[in-house]
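Enquirer: Whenever a hint applies, use it, and build me the whole structure from the sequences.
From first to last, the protein sequence lines are chains A and B.
Using the numbering used here, you'd call the opening residue of the first sequence number 8 and step up by one each time.
Using the numbering used here, you'd call the opening residue of the second sequence number 174 and step up by one each time.
In short, the hints are calculated from the structure, not lab data.
Note that the Cβ used here is the ideal one computed from N, Cα and C, for glycine as well.
Among these hints, one or two may not hold up.
To be verified - Derived list of chain B stretches under chain A, where covered just means 3 residues or more per stretch with a C-beta under 8 Å from a C-beta of chain A:
1. 348-355
2. 448-461
Stated by the list, open to error - With a straight-line Cα cutoff of 25 Å, these simulated SDA-like cross-link-like pairs (lysine to any residue) come out:
3. A:125 / A:140
4. B:348 / A:109
5. B:184 / B:456
6. A:242 / B:426
7. A:10 / B:413
8. B:218 / A:199
9. B:456 / B:414
10. A:117 / A:183
11. B:218 / A:127
12. B:292 / B:369
13. B:218 / A:214
The primary structure of each chain is shown beneath.
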Amino acid sequence: MGKKSFRQAINEALRQEMERDSRVVLMGEDVAGGAGAPGEDDAWGGPLGVTKGLMPRFGRERVLDTPITESAFIGAAAGAAATGLRPVADLMFVDFMGVCFDQIFNQAAKFRYMFGGKATTPLVIRTMYGAGFRAASQHSQCLYPIFTHIPGLKVAIPSSPYEAKGLMIQAIRDDDPVIFFEHKVMYDDEEEVPDEPYVIPFGEANFLREGEDVTIVALGRMVKFAVQASDSLAKEGVDCTVLDPRTTSPLDLVSILESVRETGRLVVIDEASPRCNMATDISAQVAEQAFDALKAPIRMVSPPHVPVPFSPSLEDEFLPSPEKIAAAVRSVMRVQARAA
Amino acid sequence: MAELAALTMPKLGLAMTEGQVAAWHRQEGEVVVAGEEIADIETPKITAAYESPAAGTLRRKVVEPGETVPVGALIGVLADPAAGEAEIDAFVAAWRERFAAASAAEAPAAPEPERVQTKFGPIQVLESGPEEGPPLVLIHGFGGDFLTFFLLQPLLAACYRTLSLDLPGHGGSTKTLPGADAAALAAVVGAVMSARGMQLAHLLGHSLGGAVALALAEREPERVSALTLVSPAGLGPEINADYIAGFIKARRPRELAALLATLFAGGESLITREMIEGVLRYKRLDGVAAALTAIAAANMPEGRQAGSFRHVLDDPARPAQIVWGRQDQIIPATHAEGLPAHVRVSIFEDAGHMAHMEKAADLARLLGA
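Expert: The structure is reproduced here in structure tokens:
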């Protein structure tokens, strides 16, 4: 075991599953790079180098460079999954997903249901999301709420290298289509990641801190921010529970409700646009099922409802931060102070 | 000039480089006696009591609760009440300067775990201690790994050539079992000893590892010079089946924390978040759930221990000692009763199932280290 980056953790998960199961294949734009052209093979290994080294190891039959046509190769991947392979398709930026919604929403997500449970679709779509990369409005969105909205899809949002490897292996072994979200500014994050394969089950929240004052629910890159906020709040005497649902579909609502019943306060952090995002969804479900347990209004920390700005200073201001999270937590703590 | 004594961050185990003062149990100005527990030290592996190395008045807490400092750093000052504040200030300043200079010098490297290739697959081992010392093999219990000896092994390594290992299905070893009963696991221990050039060794086994040590002594008696068994399996039928089933099943940190707390007399206060996370991560590895289930089924079918190895202790020629925590909630200490007279039995009143962690120094003394 040693320290591995988020990028290495995913690469290792893909390699180990490809070694274990010959039905696992990769496809996408430049997942190797250079197919059919003179020059270096495996020049790219994916747009940010995540699949580097897999083509030399497994060959072009299992690591397929595709044309720049998401509608075609995502459709091909869904069909391949329905007919016996276990494809992992790389859709690069989630912002481009719009051109292949039919293949995902109406085909892959529906096969199991519409064929009376006789078809399975073990498809993984890897995709990059998130702001902070100075990549402007069309390459910085989160969009996981849109996929969470579709019954038949599973949505995984790893928050660290360790989480990424275990959730990726689960995604590949899962018999349903999984949209796997990788935050593009997290690829160089490092932590201890076991060399051996392991699985993190879907729908099981991770408790990063257990405190009795406030429940903070955070996803993806926001988890680290929530932990930072929690550790600084601890010095002020505020004990937070920090809960990472890991997957938004299935969602571990049981753990969220259990925690809110103990703390009586909920702050949800979501990098996605604030209307119809995971923060609104989780808040609504908690308000519906545990309103009686709440000692203060639920607070949501999300960006404003605008496209991701290109201006670096505006982009920084746009994003949730540990400071904004801590401020939201303090505000729900003050409600109690007034009531007392 | 009044006498001043430094309280420093202890090194609890080989890998510890820094620790946190979790709590102070004495206020500034209070008198403490040598050996008294005056603070709690939290490491990534366990929270341990800090015993005052000397008697005196606690005059200064240099480190606040929650603060993390390197091993060896000053955490407090003992002095008699006559010492002036200025004198203590000067002592702290001088101490810090010396510590900074010493830290700049290279610290000796801690021993690293290695993987031994055996016919049963790769087995992770940690060797430490003088090569010419008497060989001693440490075998952990169900769901554990060599790190459960992180406090004991460094103490024993002062005079023994120690080797701790991860049993198959555990830690960094193969997750494929050669067989799930104590005898099959003992064969792996024998293979590791051979691979490391240990023909004969003193075996120290904890819990399931105790049964494994007994099984090796039964199968290959010529390879076992002595036995030290800590809360061993294999000496009676009772075992806490709820713990075993719960350990296999637990997925939530809180569930696991409550379960692990039953291992220690000190209860939940000893359990760190890192300890829980470490167990959860181990349990997620491919093959672990199947291995643990198979080991539980083979050694503790229907909530009772499968066989007895009591007869192995009948041989008066082989020194044997049993160590048990009175508050053991996993395997009752009464299993140490009724053994032949040559078997030395030591019961620690204030320890649970993990005497090798809770009473590491006392246990090391029983082994002459």
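Enquirer: For every hint, state whether the structure bears it out.
Expert: Each hint tested on the structure:
1. By the rule of at least three residues with a Cβ nearer than 8 Å to a Cβ of chain A, the coverage given for the stretch 348-355 of chain B is violated, with 1 such residues.
2. Coverage of the stretch 448-461 of chain B by chain A holds [criterion: at least 3 residues with CB-CB distance below 8 Å; count 4].
3. Proximity of residue 125 of chain A to residue 140 of chain A is assessed by CA-CA distance (about 42 Å); at most 25 Å being required, the pair is judged violated.
4. The hinted pair formed by residue 348 of chain B and residue 109 of chain A fails the criterion: a straight-line CA distance of about 43 Å is larger than 25 Å.
5. The suggested pairing of residue 184 of chain B with residue 456 of chain B is violated, with an alpha-carbon distance near 28 Å, which exceeds 25 Å.
6. Of the supplied pair hints, the one linking residue 242 of chain A and residue 426 of chain B holds, its CA atoms being roughly 23 Å apart against a limit of 25 Å.
7. Restraint check for residue 10 of chain A and residue 413 of chain B: the C-alpha separation of about 37 Å exceeds 25 Å, so the hint is violated.
8. Note on residue 218 of chain B and residue 199 of chain A: the hinted pairing holds, with a Cα-Cα distance of about 15 Å set against a maximum of 25 Å.
9. Taking the CA atoms of residue 456 of chain B and residue 414 of chain B, the gap is near 18 Å; set against the 25 Å cutoff, the hint holds.
10. A hinted pair counts as satisfied when its Cα atoms are at most 25 Å apart, and residue 117 of chain A with residue 183 of chain A qualifies at roughly 10 Å.
11. A threshold of 25 Å between alpha carbons decides the hint, and for residue 218 of chain B with residue 127 of chain A the separation of about 43 Å lies outside it, so the pair is violated.
12. Pair hint residue 292 of chain B plus residue 369 of chain B holds up; C-alpha atoms about 14 Å apart against a cutoff of 25 Å.
13. At most 25 Å may separate the alpha-carbon atoms for a hinted pair to count; residue 218 of chain B and residue 214 of chain A meet this at roughly 18 Å.
In summary, the numbered hints that this structure violates are 1, 3, 4, 5, 7 and 11.
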